[in-house]
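**Q** Letter by letter, the chains look like this.
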Amino acid sequence: MIQARGITRTYQTHGSFTGDRTVRALRGVDFTLPDGGAVSFIGESGCGKTTLGKILTGLETFDGGELVVDGVELSKLRPRQREKYFRRIQMIHQDPYSALNPTRTVEATLGDPLRMRAREKAAAGEQAGSWRERAAELLTLVGLEPTAVLPKYPHQLSGGQRQRVVIARALTVDPTVLIADEAVSMIDVSMRLGILSLLRDLRARLGISLVFITHDVATARYVGDGGELHVIYRGEVVERGLTDEVILSPVHPYTQCLLSAVPVMRGLEEPGPDRTAPTAALDERTPTPGCLFQPRCPFAGAQCAEKHPVLVPFGLDAAGQGEAAAAEDGSGHVHACFYPESRRVVGVEVGAASA
Amino acid sequence: MSEVEVRDLTVEYQTSVGWLPAVAGASLDLRAGQITGLVGESGSGKSTLALSLLNAVPAPGRIAGGTIEVAGVGDLTRLGGKQLRKARGGAIGYVFQASQNSLNPLKTIGRQLLDLGRSHEVGDLRALIARAKDLANRMGLDGDRVLDSYQHELSGGMRQRVGIVFALVLNAKVLILDEPTTALDMLSQASVLDIVRKVHDENQLSTLIITHDIGAISEIADRLAVMYGGRIVEDGPLLDVLRRPTHPYTKALIGATARITGDVDGARALPGRPPDLTTVARAGCVFRDRCPFAVEVCAQTEPELETFESGRRRACHVEPSTVLTGPVLTGTTGTPAAVGEPA
Chain A
7 MIQARGITRT
17 YQTHGSFTGD
27 RTVRALRGVD
37 FTLPDGGAVS
47 FIGESGCGKT
57 TLGKILTGLE
67 TFDGGELVVD
77 GVELSKLRPR
87 QREKYFRRIQ
97 MIHQDPYSAL
107 NPTRTVEATL
117 GDPLRMRARE
127 KAAAGEQAGS
137 WRERAAELLT
147 LVGLEPTAVL
157 PKYPHQLSGG
167 QRQRVVIARA
177 LTVDPTVLIA
187 DEAVSMIDVS
197 MRLGILSLLR
207 DLRARLGISL
217 VFITHDVATA
227 RYVGDGGELH
237 VIYRGEVVER
247 GLTDEVILSP
257 VHPYTQCLLS
267 AVPVMRGLEE
277 PGPDRTAPTA
287 ALDERTPTPG
297 CLFQPRCPFA
307 GAQCAEKHPV
317 LVPFGLDAAG
327 QGEAAAAEDG
337 SGHVHACFYP
347 ESRRVVGVEV
357 GAASA
Chain B
64 MSEVEVRDLT
74 VEYQTSVGWL
84 PAVAGASLDL
94 RAGQITGLVG
104 ESGSGKSTLA
114 LSLLNAVPAP
124 GRIAGGTIEV
134 AGVGDLTRLG
144 GKQLRKARGG
154 AIGYVFQASQ
164 NSLNPLKTIG
174 RQLLDLGRSH
184 EVGDLRALIA
194 RAKDLANRMG
204 LDGDRVLDSY
214 QHELSGGMRQ
224 RVGIVFALVL
234 NAKVLILDEP
244 TTALDMLSQA
254 SVLDIVRKVH
264 DENQLSTLII
274 THDIGAISEI
284 ADRLAVMYGG
294 RIVEDGPLLD
304 VLRRPTHPYT
314 KALIGATARI
324 TGDVDGARAL
334 PGRPPDLTTV
344 ARAGCVFRDR
354 CPFAVEVCAQ
364 TEPELETFES
374 GRRRACHVEP
384 STVLTGPVLT
394 GTTGTPAAVG
404 EPA
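Top to bottom, those sequences are chains A and B.
Residue numbering for the first sequence is 7 to 361, as defined by this note's numbering.
Residue numbering for the second sequence is 64 to 406, as defined by this note's numbering.
One thing to keep in mind: the hints can contain errors.
In silico contact screen, one side only, chain A against chain B (beta carbon under 8 Å); selected entries [stated by the list, open to error]:
| no. | residue |
| --- | --- |
| 1 | S51 |
| 2 | A267 |
| 3 | R272 |
| 4 | Q309 |
| 5 | G353 |
No wet-lab data here; the hints were simulated from the structure.
Treat the numbers as computed from the prediction; the structure is a model and nothing was measured.
Note that beta-carbon positions come from the ideal geometry of N, C-alpha and C, so glycine has one too.
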């Protein structure tokens, strides 16, 4: 179980021409990841979703808020003491081409962490089998043929196979949480579903929970049941709810823009009647006191430029003291918009498609 | 009415085991005023086919046979030297794969544009700059700012648009885009696709878009060609192909696309892996190893790409109706067999 409360991260850049700049990569992100659960984060490039993934794996620090892993507040621990918590949270990187060492075979790649793990188990008095057997077991689990794959170098494998090796490597240390940061975006479309259903399988079979970070909303549907979707914009969650619910009835204009951008498979789908797009490109330099999305929002109203909306359930005023309510209720569909309105932006399946 | 006619094109690469075809006898038309989408997995030969449309297949590759007739230019495979250089970028505009990274990091966009003008012996460079600005403005960029920028000052979507400006600034009538949306996020992808459609219509181009993402292409293309193992296995009007795929591979590709609608459990990844130069079948159908419909004849004779009804071509021994009503590939995941590691 991982709980994040108001995680913030701010970067200071010292440009030689542009002067100093403060980038607020995360502005207070809350989420709860139950054991065996799935949480997806979607947003465009630069919205802070990768920073969040790095914080969760301990590759990056956070400067505000609290990260609670199995009831332990990590910021209260020394860095050394945090290690054992982060060990159980493993990352699957975006690019399987650069995530594997090209000079090492799959056997060598899996061997090191497995031998380390075996020593640990032995030290703890647990039963530790041979690491070779374990390597074969893991490769079988991720859908690869051990004898064929073990002696190979990364360049001898296809993108999809490489990503499976990366997943097997993440599994060597018996993690309880996997962070998949754009895990399928570099892989051929034809192979993506295979990786996605593998992740779904790992959830079902091993009870591993999953943080799925992506810009492609459609892929978030495939990570399994009960997944929660967080729409993140400039470091802030603007809409949250069950994945299917957010996709079918999005209420925040940013979510609606993201969903409208999903290509419609013409012939099989019809574009949603309310399809929309941002009115301007992302500009992070202009500070906005009000809603962060207001400068690009096609539906912005009078309040938006002045007041900052907070996450509230549908039907409540986003200006109100909704913070407490939103933080408490983890399961409901919430949004941060003054003028929420459900719009049909997602493509609609043509009836004849199945025939 | 075809702007580009590719006939029996064969492109080979030299390997340690001899010359192997990456594109084998491909025939494809780019019709005037239409956007043609060419889809296929990695290694299907689609990028090689696209590069040969500039007669620019890099060594150790060579065009081993076939013709590429471009309206107003002639057979590209026979051109060389100065004529070929003029055709590249002149008659045919090309936006390279990862065009984000194909700009010179040391020069402003404007200077690179002047280089392009000089190498094509454009007399009036001012007019060239003006046209580039106009194109950039119509694509939603600030023309003045962009020309004064270095590539690192532009976002991925902006660089992709700059690539399109470069391809079109010399009044090309044929536009080729190789994976224009890969590495872009959803919002940038949607706006780039939108812009491609717009400049295509405004300039009355004949456009070829190469991609592995059948979903993205289906948003804007008029025609669809599907490539596998160096062959074109099916083509036709996009809507018709998507509704009634008659090649097992096309059907599987559509079924393997993560979609925002439809049944999550109904979608299946393709089993096995796409062939590469060395593993592609030498005899018989190139897709038979992964094909749920494969029959005996598939192992012996290679199916020809034939017109089976008006405007539709396919290369498959199995009856179209059988493919249409038959199952999608039944690959499951998590089992080694599904991944089909070649023995």
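**Q** So which of those numbered hints doesn't the model satisfy?
**A** 4
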